[in-house]
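Asks: Position chain F with the ligands relative to chain S; hints supplied.
Given next are the chains, with one letter for each unit.
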Amino acid sequence: MADLSNPRGTRPKSRFTLNNIVLYGILGLMSIYYLLPLYVMVMTSLKDMAEIRMGNIFAPPVEVTFHPWVKAWAEACTGLNCDGLSRGFWNSVMITVPSVIISIIVASVNGYALVNWKFKGSEVFFTILIFGSFIPYQIMLYPIVIILRELGIYGTLGGLIMVHTIFGMPILTLLFRNYFSSLPEELFKAARVDGAGFWGIYFQIMLPMSMPIFVVALILQITGIWNDFLFGVVFTKPEIYPMTVQLNNIVNSVQGVKEYNVNMAATMLTGLVPLIVYFVSGKLFVRGIAAGAVKG
Amino acid sequence: MTHSIQVKDLKLDFGSVSVLKNLNLDVAEGEFIVLLGPSGCGKSTLLNCLAGLLDITDGEIWIKNKNVTWAEPSDRGIGMVFQSYALYPQMTVRGNLSFGLKNAKVPKDEIDRRIARAAEILQIQPLLDRKPAALSGGQRQRVAIGRALVRDVDVFLFDEPLSNLDAKLRAELRVEIKRLHSRLNNTMIYVTHDQIEALTLADRIAIMRGGIIQQLAAPQEIYNRPVNLFVAGFIGSPAMNFIKGAVVDNGRSIKLGEAKLDLAGYDGGQPTDRPQAILGLRPEHLTIQDHAEPGHTIPAVVELDEPMGADSLVWLMVQGQQVSVRVPFEKRPTKGAQVHLKVDISKASIFDATTELRV
Ligand SMILES: Nc1ncnc2c1ncn2[C@@H]1O[C@H](COP(=O)(O)OP(=O)(O)OP(=O)(O)O)[C@@H](O)[C@H]1O
Ligand SMILES: [Mg+2]
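Going line by line, the protein sequences match chains S and F.
The first sequence: position 282 = 319 (this note's numbering), numbered continuously.
The second sequence: position 3 = 10 (this note's numbering), numbered continuously.
Next up, chain F with everything else stripped away, as it sits in the complex:
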């Protein structure tokens, strides 16, 4: 595995505010990494550091086994796509695509060749002589991607490229970006707010909070085995349920009020006893049934349901705490019914309440 990007102990302060704290990141060649996290966690800042648009406080950045920590943005072998498209308004699409190449003194026929290729890949040939103002949002973003494409670089940086588009276009371009990646096979670092984008595009997702990468792993891994409460709550929609309890019986069961669940088959080995634990259950991993199975179910009362098309999200009270369950629309229970929730413990996560880490 060759390294495409290596970030070593990256620190970045704005004045006295520390935005990135000792951040490390290794990206393999051709990998699609998605940076995901709440607003203000430093995603754009990290991307700008990689691009060389911000002077970092400490640390090193390597791209293609070259130390580019202090290299100019244009010398790093990166192309960048921005949320606001950032097309030069006074230039035609062709002018936008060729601007960087002219600055790099690429010969004229080579410029034409690259523009023709990018236009073909992104299907923007008919737009080449238009100004950006005469393009739709989706077309503008295609041109913006084209501008990165013609640079013939190994690394693409995307900063929320689709968030200004409507839902339908977003889905279309998302597929197109995935297709682009499988065709070009270059490294992509992609910032987004959107979980669906993250889960569908990424080879690995980096969940960030407060300038720190909390977990960097494949989407399924993050979904099934979140390292801590934050990641667990951040990924998944509808969000994971958390129920307070205690691990007892030498780690063989978890006690939730009066009910007790058997921990055999828990993904993560046998936990040690602890009085303050939190059980994390995804709404899609719970089933509602009307009979109890000791060690595998917890009693609950149906409160209300939210229809979501094919499914319905049912809200129940469990030991005084709210829990949501995803059920097929026609199988939703009646309000106020006394039911039992069947827990698939192999898909659950247990967190220590004080350290918030998964056990």
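Same shape as in the complex, but just chain S:
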């Protein structure tokens, strides 16, 4: 029998085939398409207004200045406040951190219970939960305003955190449920024979095996909540507006001249957090998605 374990013969030459030229051509064009706006933003944010008025948006700055970044962070005015985006940044941190932590904890326990501790009606419960994610947000805005008002937390950080936690539930529960159901059922059974209970199995058996899916959930939630605009503007007051709302207010402020350099800098500052999260954990993210998120 032929030995098939190693490739034989000369390696096929393939560098300049038509296929590759087309492939890399398209990849190149796509990269330019996406990178060009970023390039323009960075360049503009490093120019002063005099230079911007001269016109060429593609030209690199003659004189590099970081003042627009400083201004965007600490001095730009929205309404009566003139402390830039920094206020919004800290608001966003205070909104995102608890929302992410609470929603992931609750959803992971949900998913675990739905897979391993099925109760009467657990399938119905799950179906309703998933169904909830198909209702457009706009329909629910007003009822939620009323609910928050009745609970006395309308316009507070707590109220917004609760809303984010609840709206993250369907997709996160689905994510965790699918992941946990991809783990072998016999492990769970073995742990039960070994006398571990609901929390014992969750913390000692399931958690250590589920890091990839927690990373996925973390990224989804951090970017989703950080980038949220709608809930922030509807459910909070100006002092606690998240960064996205603040950004909008800076960029769209009608008084005075449009400071394009400050706007560009502010936009990039706002996008920085999700960007960093992606860069730091991109690999883990892909691995986690592959590990369990795709299985029905």
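Rather than coming from a laboratory, the hints here were simulated on the basis of the structure.
Think of the CB as a built atom: it goes at the ideal place given N, C-alpha and C, for glycine as much as any other residue.
Hints may contain errors.
Derived Cβ-Cβ restraints for the label pairs, each shown as a range [unchecked claim]:
| id | chain 1 | residue 1 | chain 2 | residue 2 | range |
| --- | --- | --- | --- | --- | --- |
| 1 | F | Asp-119 | S | Gly-169 | 49 to 57 Å |
| 2 | S | Leu-312 | F | Asp-119 | 50 to 58 Å |
| 3 | S | Leu-55 | F | Asp-136 | 52 to 60 Å |
| 4 | S | Glu-160 | F | Asn-31 | 26 to 34 Å |
| 5 | F | Asp-136 | S | Val-77 | 52 to 60 Å |
| 6 | F | Thr-64 | S | Phe-240 | 29 to 37 Å |
| 7 | F | Leu-311 | S | Leu-55 | 53 to 61 Å |
Calculated cross-link-like contacts (lysine to aspartate or glutamate; reagent style EDC-like; alpha-carbon spacing at most 20 Å) [to be verified]:
| id | chain 1 | residue 1 | chain 2 | residue 2 |
| --- | --- | --- | --- | --- |
| 8 | S | Lys-157 | F | Asp-62 |
| 9 | S | Lys-155 | F | Glu-79 |
| 10 | F | Lys-349 | F | Asp-269 |
| 11 | S | Lys-155 | F | Asp-20 |
| 12 | F | Lys-138 | S | Glu-223 |
| 13 | S | Lys-155 | F | Asp-62 |
| 14 | S | Lys-157 | F | Asp-20 |
| 15 | F | Lys-267 | F | Asp-359 |
| 16 | S | Lys-157 | F | Asp-359 |
Replies: This is chain F with the ligands only, laid out in the frame that chain S set:
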């Protein structure tokens, strides 16, 4: 005889599907019971019910004369070994072995003592600080058995523990499980697909079909006197031959087409006459010869043979029905030959064609 396990009228439904139907099972202390049956007949389900991993619909389960029907799995005095090993991947072998003991708040030195003993019995001392991923299949299954062993329980439940291993390892571990049983002398309930495992390990075999135990008896009994057609066809490899015929002459003979066989010496008393009967003959209980003996042989034509090493399985046509015979390789007849099959009626089984029960 003290009871180790008693299952009384056990019923289990998944929704509207009834998987176990009024199942009864009495297991004596120290007995090795093998559950054998086709896929989907409810073997694992029964085992999971015994372990307390499934809530049963009706009935009672007693272990060691205690009603454990609603007891937690860990409180039943059982240890379980799974087909997929189910070792906790993030823990070392030692961690796997001690997990249950820690949950049961067993003192530290006692845990060490039990792990040392299990490791010695299963010869896994050098593996104690490895993770399961760094073990071979056979080693993993040893650790899985060890996890049941350290629990110091009276009842071991095995769900196809060897079916993920290759043939050679399977044979090795099979012997080891037998040795373990004779050393520990605890009760074992063992699920398998493999007839050889069943026949070699079991004190008694329970043949299951469709959630019902068809026959529960010693391996030889099941092999020689299967209660019905299903059990007869399920046990034995190569499978039993079935030839249609009729019991005549007041139960003194069975008519197979033109041929007639004398039923004197049939194991099961003298059957009553019936027009629709089935004669079951194992391939190893037939011999091929070239002369007829009225009342003891049936004429046949050789069709083909399958060499199986020392033996050869010869296929013949008897009254338009296929019959296989096991013969030593060098004694196999030539194709197309007209021969006579000598039947050892004391080892045959006769079944009623309508009830399918042995008569
Ligand atoms: N969770 C479940 N929900 C519904 N039906 C189930 C469930 N688990 C098992 N069944 C059904 O119960 C029957 C018995 O299953 P079981 O796993 O006990 O079979 P088995 O004898 O162990 O088969 P195998 O030899 O393939 O392991 C099967 O028909 C199966 O489809
Ligand atoms: Mg099974």
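Asks: Provide an ascending list of the numbers of those earlier hints which the structure does not satisfy.
Replies: Violated hint (a single one): 16; every other hint is consistent with the structure.
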